[in-house]
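In order, the protein sequence lines correspond to chains G and B.
Its first residue numbered 1, the first sequence is counted upward by one per residue in this note's numbering.
Its first residue numbered 1, the second sequence is counted upward by one per residue in this note's numbering.
Mixed in with the good hints there might be a few duds.
Unchecked claim - Distance windows between CB atoms, simulated:
| id | chain 1 | residue 1 | chain 2 | residue 2 | range |
| --- | --- | --- | --- | --- | --- |
| 1 | B | 80 | G | 246 | 20 to 28 Å |
| 2 | G | 342 | B | 107 | 53 to 61 Å |
| 3 | B | 55 | G | 141 | 34 to 42 Å |
| 4 | B | 55 | G | 305 | 53 to 61 Å |
| 5 | G | 83 | B | 44 | 21 to 29 Å |
| 6 | B | 55 | G | 72 | 14 to 22 Å |
| 7 | G | 271 | B | 80 | 41 to 49 Å |
| 8 | B | 56 | G | 377 | 29 to 37 Å |
To be verified - Reference listing, derived: stretches of chain G covered by chain B, where coverage requires no fewer than 3 residues with Cβ under 8 Å from a Cβ of chain B:
| id | segment |
| --- | --- |
| 9 | 22-36 |
| 10 | 52-62 |
| 11 | 153-161 |
Said to hold, decoys possible - To spell it out: a stretch of chain B is covered by chain G in this simulated footprint if at least three of its residues, at any positions, have a beta carbon under 8 Å from a beta carbon of chain G; those stretches are:
| id | segment |
| --- | --- |
| 12 | 59-68 |
| 13 | 88-96 |
| 14 | 105-118 |
Honestly, the hints are just simulated from the structure, not real lab data.
Virtual Cβ for every residue (Gly too), placed ideally from N, Cα, C.
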Amino acid sequence: MKPPPAAAPPAPVDVAQTVDHLFRREAGRLVAILTRHFGVAHLHLAEDVVQDALVRAMQTWPYTGVPQQPSAWLLQTAKNRALDHLRRTRVWQGKEAALAPLVEDGLQAALAVAPPQFEEEIRDSQLRMMFVCCHPGLPQEAQVALTLKTLCGFGEPEIAAAFLATPAAIAKRLTRAREYLREHGVTFELPPADRLAARADAVRQALYLLFNEGYKASHGDSLLRADLCAEAIRLGELLAAHPAGADPATHALLALMLCNAARLPARLDDAGSVLLLAAQDRARWDRAQIARALAHLAASAEGAAVTRFHLEAGIAVCHCLAPSWEATDWGQILELYDQLLALDGSPVVALNRAVAVAKVQGPAAGLCALDAIENGAALAQYHLYHAVAGQLWLDASDPARAAQCYRRALELAALPAERALLQQRLTQSGG
Amino acid sequence: MSKDQNSTRYLFVFRFAEDAPDPTPEQMQQMHQQWTDWMQGMRKKGQFVSGDPLEETTGKVLRGTRGSQVTDGPFAEAKEIMGGIIVVTAPSLEAAVELARDCPSLGGPFSVEVRQINPLNL
Numbered sequence: 001m002k003p004p005p006a007a008a009p010p011a012p013v014d015v016a017q018t019v020d021h022l023f024r025r026e027a028g029r030l031v032a033i034l035t036r037h038f039g040v041a042h043l044h045l046a047e048d049v050v051q052d053a054l055v056r057a058m059q060t061w062p063y064t065g066v067p068q069q070p071s072a073w074l075l076q077t078a079k080n081r082a083l084d085h086l087r088r089t090r091v092w093q094g095k096e097a098a099l100a101p102l103v104e105d106g107l108q109a110a111l112a113v114a115p116p117q118f119e120e121e122i123r124d125s126q127l128r129m130m131f132v133c134c135h136p137g138l139p140q141e142a143q144v145a146l147t148l149k150t151l152c153g154f155g156e157p158e159i160a161a162a163f164l165a166t167p168a169a170i171a172k173r174l175t176r177a178r179e180y181l182r183e184h185g186v187t188f189e190l191p192p193a194d195r196l197a198a199r200a201d202a203v204r205q206a207l208y209l210l211f212n213e214g215y216k217a218s219h220g221d222s223l224l225r226a227d228l229c230a231e232a233i234r235l236g237e238l239l240a241a242h243p244a245g246a247d248p249a250t251h252a253l254l255a256l257m258l259c260n261a262a263r264l265p266a267r268l269d270d271a272g273s274v275l276l277l278a279a280q281d282r283a284r285w286d287r288a289q290i291a292r293a294l295a296h297l298a299a300s301a302e303g304a305a306v307t308r309f310h311l312e313a314g315i316a317v318c319h320c321l322a323p324s325w326e327a328t329d330w331g332q333i334l335e336l337y338d339q340l341l342a343l344d345g346s347p348v349v350a351l352n353r354a355v356a357v358a359k360v361q362g363p364a365a366g367l368c369a370l371d372a373i374e375n376g377a378a379l380a381q382y383h384l385y386h387a388v389a390g391q392l393w394l395d396a397s398d399p400a401r402a403a404q405c406y407r408r409a410l411e412l413a414a415l416p417a418e419r420a421l422l423q424q425r426l427t428q429s430g431g
Numbered sequence: 001m002s003k004d005q006n007s008t009r010y011l012f013v014f015r016f017a018e019d020a021p022d023p024t025p026e027q028m029q030q031m032h033q034q035w036t037d038w039m040q041g042m043r044k045k046g047q048f049v050s051g052d053p054l055e056e057t058t059g060k061v062l063r064g065t066r067g068s069q070v071t072d073g074p075f076a077e078a079k080e081i082m083g084g085i086i087v088v089t090a091p092s093l094e095a096a097v098e099l100a101r102d103c104p105s106l107g108g109p110f111s112v113e114v115r116q117i118n119p120l121n122l
């Protein structure tokens, strides 16, 4: 038997460096830990003292260097701030007066627990926070905003940029959400067994929305958008690692998000124009992420239920594994779209299905499928509808009709990168 | 005691506006990194003598004989909070000002006051 290796000396810490997003990450962890002890009704107090602790870190670490254990330093500082706050304000009346010793005892207990257990408790706290943020009584956009604020450490200006809203509007949305949670006595407990499935579903929906918000190229800076995708994946993995959330549907959602995220590096060309799947350099897809997606796809197959995440993940995996656009398993994709359309008859799903129909049965069949879309009126204002039609007319060797479609698409498209692509297609159509 | 041309010490006093909007964690991380880089740069060149952050909202101001008047300081009414001080060495006030120009918080509601520390033996 090999003797245990001698304890390695601690690696020298470069005081000038901190890990990427350390402040954001710590904000999310600390708010969850503190809310566990303060109660959901005092979510805002937790957010305030965490903000104070981070400000203090920003102001003192440049003088002293980053402490060996930044997390413990920040928690201790936030705790001290909470105690200061209690002493200073003395506004705790009635029910709230009982909070002071609770805060102190709870935090002492949290600090006393040994690190490994503590890590587990932090993950558990973050998961509970996820269920709180995605409470079904809150509008979905409030769920996502609250998740970004409390679990991901995003600031109001960043959330506002992601949702094309003003910081003031986001602040109002967050305030209303906190009020709702307080007024309805939402607790920091995992939902009871009989409601767990439905509540986990709401969490997955919010993560899906968060991911799509980052994935769609419609607005904003691409770094922020990639961060949104990464956060949705991180929280999804947290959900999948916990017995309360390790559902096949969670694995399916992760497979879907990872597959789509794997293609992000190839989605823009060097000039910043959007590249459609057909034109992307597949060598730039992130193979490691695709491998993780496949592992989650395998885990998602345990169980009989087929959710929309399963079907969308299946489609995304087909694309990720195909050597080229032409050599894609379109038959399989069409089958998955047929099932998806049966689950979710939305015009956008039908539009994507029409592309698959054209690939399997030819452009004429694709155009028929486009015509047959119910609620097609809703699509008439959607630039991609006309872009797809344009492509199908081009494939059907009718450039005049194609040009007509591309012109309509150009009237509707807002994003410069998308307009550039449409203009190029219009030129190809001789229009 | 020999008087080195380069050893004149200067005090930098950092002040920032009390009512500045809350930075986001990501902005704080960037600011932290920039301040660390700035201070490390001065350390590496041997220009940094000492420095400490100041507790922003607690402190007392004494006035009168033996501090007969003790107040909570100018904190409540002041528009600016003193956030920290450092001592650096520089060959001249102009050179010290050039060092201070690189302070990363400049540009926002923030100021650096540069003062020469009078040496004991002139």
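Evaluated hints:
no.: 1; hint: 80/B / 246/G: 20 to 28 Å; in the structure: violated, 52 Å
no.: 2; hint: 342/G / 107/B: 53 to 61 Å; in the structure: holds, 57 Å
no.: 3; hint: 55/B / 141/G: 34 to 42 Å; in the structure: holds, 40 Å
no.: 4; hint: 55/B / 305/G: 53 to 61 Å; in the structure: holds, 57 Å
no.: 5; hint: 83/G / 44/B: 21 to 29 Å; in the structure: violated, 39 Å
no.: 6; hint: 55/B / 72/G: 14 to 22 Å; in the structure: holds, 21 Å
no.: 7; hint: 271/G / 80/B: 41 to 49 Å; in the structure: holds, 46 Å
no.: 8; hint: 56/B / 377/G: 29 to 37 Å; in the structure: violated, 59 Å
no.: 9; hint: 22-36; in the structure: holds (count 5)
no.: 10; hint: 52-62; in the structure: holds (count 8)
no.: 11; hint: 153-161; in the structure: holds (count 6)
no.: 12; hint: 59-68; in the structure: violated (count 0)
no.: 13; hint: 88-96; in the structure: violated (count 0)
no.: 14; hint: 105-118; in the structure: violated (count 0)
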